[in-house]
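Asks: Letter by letter, the chains look like this.
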Amino acid sequence: MSTLEVSPLAPVSGQTSQPVINDFSIQVATINGSGSQTANTVLMRALFQMGIPVSGKNMFPSNIAGLPTWFTIRASKQGYVGRRKEVDFLVAMNPETAREDVIELASGAAVVYDAPLKLNELRTDLHFYPVPFDKLVAPVCPEPRLRKLVRNMIYDGVLAQLLSIEMEQVRTALVKQFGKRKAKAADMNWGACQAGFDYAAATFTKTDPYRVERMNETAGKIIIDGNSACALGAMFAGVTVVTWYPITPSSSLVESLIGYMKRFRHDPETGKATYAIVQAEDELASIGMALGAGWAGARSMTATAGPGISLMSEFIGLGYYAEMPAVVFNVERVGPSTGLPTRTQQGDILTTAILSHGDTRHPMYFPCSPEECFSMAIEAFDLAERFQTPVFVMTDLDLGMNNWMAGAFQYPEQPIQRGKVLTAEDLQKLGGFARYRDLDGDGVGYRTLPGTNHPAAAYFTRGSGHNDKAQYSERENDYIDNMDRLTHKFETMRQHVPEPVVQIREKAKIGFIAVGTSDYAVREACDQLKSDYDIEASYLRLKAYPFTPHLQDFIRRHERVYVVDQNRDAQLLGLMRLELDAELIAKLRSVTYYGGLPLDARTVTEEVAGQEGK
Amino acid sequence: MKVNHIGLEVLNYKGARTTLCAGCGHNAISERLIECFYELGVEPWTVAKFSGIGCSSKSPAYFLGLSHGFNSVHGRMPAIATGAILANRNLLGLGVTGDGDTASIGLGQFMHLVRRNMPMIYVIEDNGVYGLTKGQFSATADLGSTLKTGVHNDLPPFDCCALAMRWGATFVARSFSGDKKQLQAILKTAIAHRGLSVVDVISPCVTFNDHEGSTKSYSYVKDHEEVLQELDFVPSFEDISVDIPDGAVMDVRMHDGSHLRIRKLARDFDPTNRQAALTMLESADAKGEVVTGVLYVNTAKPTFIDLLNMVDAPVGTLPQSRTRPPKAALDEVMEELR
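These protein sequence lines are chains X and H, in that order.
Heads up, the first sequence is in our numbering, so the first residue is 1 and it goes up one at a time.
Heads up, the second sequence is in our numbering, so the first residue is 1001 and it goes up one at a time.
What the hints contain is simulated information worked out from the structure, not anything from laboratory work.
All C-beta atoms in this analysis are idealised placements derived from N, C-alpha and C, irrespective of residue type, glycine included.
There may be inaccurate statements among the hints.
Unchecked claim - Selected chain H positions facing chain X (Cβ under 10 Å, derived; list incomplete):
1) G1041
2) P1060
3) E1230
4) G1316
Using the sequences and the accompanying hints, generate a full structural model.
Replies: What follows is the structure, encoded as structure tokens:
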């Protein structure tokens, strides 16, 4: 048979036959728009359903169809879900990148590939499994125009056979993926999957060491992307006005929110919405609307990414200075300018912290997981109203757009905190109020909402200089007093933002500081440094800005502290420089990665080992 | 002391003392707004005032002191106003702004406000010039007009009324700050209208644009004004049954039950016909006329708020019981994601 022209090689010399169980990464190289997302999600889900810790990362182009895309699935019995640099199992479906993809593999890796590509001619130290995809797809998909979409499902079957993934779980995942309404499509895909399995079973002698075994590490867990998790958080925070302008990678945050709100936020009797969601004409308008809504009493939000943050700059200054609540989800991508719109970075930390002209400071949350996207979204709305200021939830493309394994979200126990808002009854008792007077010593004044039926309710909001009664003022003392109160307000926030997660290793001379998705790489790097270099490292993961005193304590107790940044200019470290004493700054070292892919542990480990002289 | 039908004095509708130049058209507009809100007996706390940046945008401090006010950023007032009205659909939004805000830096936001037919009043205090930065042209300055310094304007103006009519506003009028009676009738109609009211008021800048060579000066407007109609606004609380006049008068019933009566003057013009209105503006422009009066009115078109299908109560202040779904909802979603 022609399909057997290229038969798999015998085990590569020097390769141990020791099986590698539940600890490998699969990379699927396809062309975007070819329907590979479904096949990849099903594969990831099947592993998840087998109780194996798993993560999936999509590396896709800023394009609708026709450009290369890679999807990496990592199975890890130790529970490491960060990106793994090394590819153990390549599925080469894209003729354009196949040669390069194969040449880059480490010795001993396995390759499932489209047979006509003849990739086995490139290397002798890999395990090759050629699959005639076009021949296999024809019988299971009679309609030629659908074959492009169905053909990817064949590699799911091939991998299931080669890696011992339970076909029953593949089937369950597939049905879940297509839903009840697309049963016909699910059947056709299942046919393709089975064809792949049968072909592999009949054709290949397994020579690579990788396979899976059932575990029990995912019971009760869910799979969700960070954007959907933020959306759910916003809905359960009681958001009422949502304004947005589409931008990768934040669009799906609001799109999922629209879906959830339609299901759960319509009045059961009238069918009417208890919210407004408006797609604005640009980010200037989306943040302006969010602030106007916050001013008038709504829990308002917008979601955006770097270019949108830049455009919002002027309005954020108004929000800070005139003191209006709004929550901004910043799903960071690679800048500057348009940058790499579909790649990840933590590139907006400094910009966001001091967004807008003049002296400003803005609180930021740094969720690292879907659970935190959910809980911090809720906290962010409370903080925004408690402190009457724009609050940023800083996620990134890796967290926002990739699917993650997560614990089930906890329903919020605390009631919604609406902050210091005076009603007509309050005004009746008080006789009046001064909008920006610090009565409680926390830097936060009392506000009224437009529409409050009381003659003393009105005040005039402005981005120009004002005194504590909200009257226009250019007086030196009024300006200074107001700015100092805003500083004090920011200081008060330190007691109201979440504390960092601190893991102290008693013998550690060095420590790590990181935020957000750097967490996965840093935790794994701590273990690698210990096992590979005998270096003990402590770790502090910041959850928010302003920083809490835990940061200083942590730096003080270590000789050197590595601040991990997913950006070129060490922005997180830079933000610390603005606040810390010189003796603490002197202890800080920098680890940066800014290539646009999710940070991997090996990059961190090798950089730190190098700086430590190992 | 004289009071209106809700028992408030005119004093309750005033604001802080103006800091604009003596003789500024904007001050006259502030006076008209005070009179109109007073005479119609609008509860001041139901009104929210919005403005951008510029001389005109300072003026909301000078009227309706019992209403919340918001002097926002240059050209972006529509976004702030839209957000506030989304949060509280019961607010009567009153935007007062200028030609720089509207036709230059904020043209995009203005057009999208128009496109949405956002229910609010949008008054343009239009003097063709930047006052606060001392006299540069704005985008409503007419082709061929000159600055005090002799600088000649080589670009044609945007006609904010034509833009508003063409792209979705439902009450569009032009007036002159010096025409007390006409401006009153127009502003009262705008207050009664449900939908976006765009009122472009030629409001001469006495300091930077009231000279020979300006087409936004008192004397130029007086010489070139073509008044379209005689307007009479009859509020809902007044008896309407008396003397419906002859066919020369068009009666427009507003959403709140008030009536606008439009008596045609020299030309035959129907302000419910948008196409005719646009054509009329274009021919007036060619003749150098400043046409004032009601240019377009449409009381039937749904507003943006209608389209959003929100609950009747302001969403911004709904209680937690209506904004946080129950635990069962979260459980349901979690189950789907397992």
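Asks: Which numbered hints are broken by the structure, listed smallest first?
Replies: Failing hints, ascending: 1, 3.
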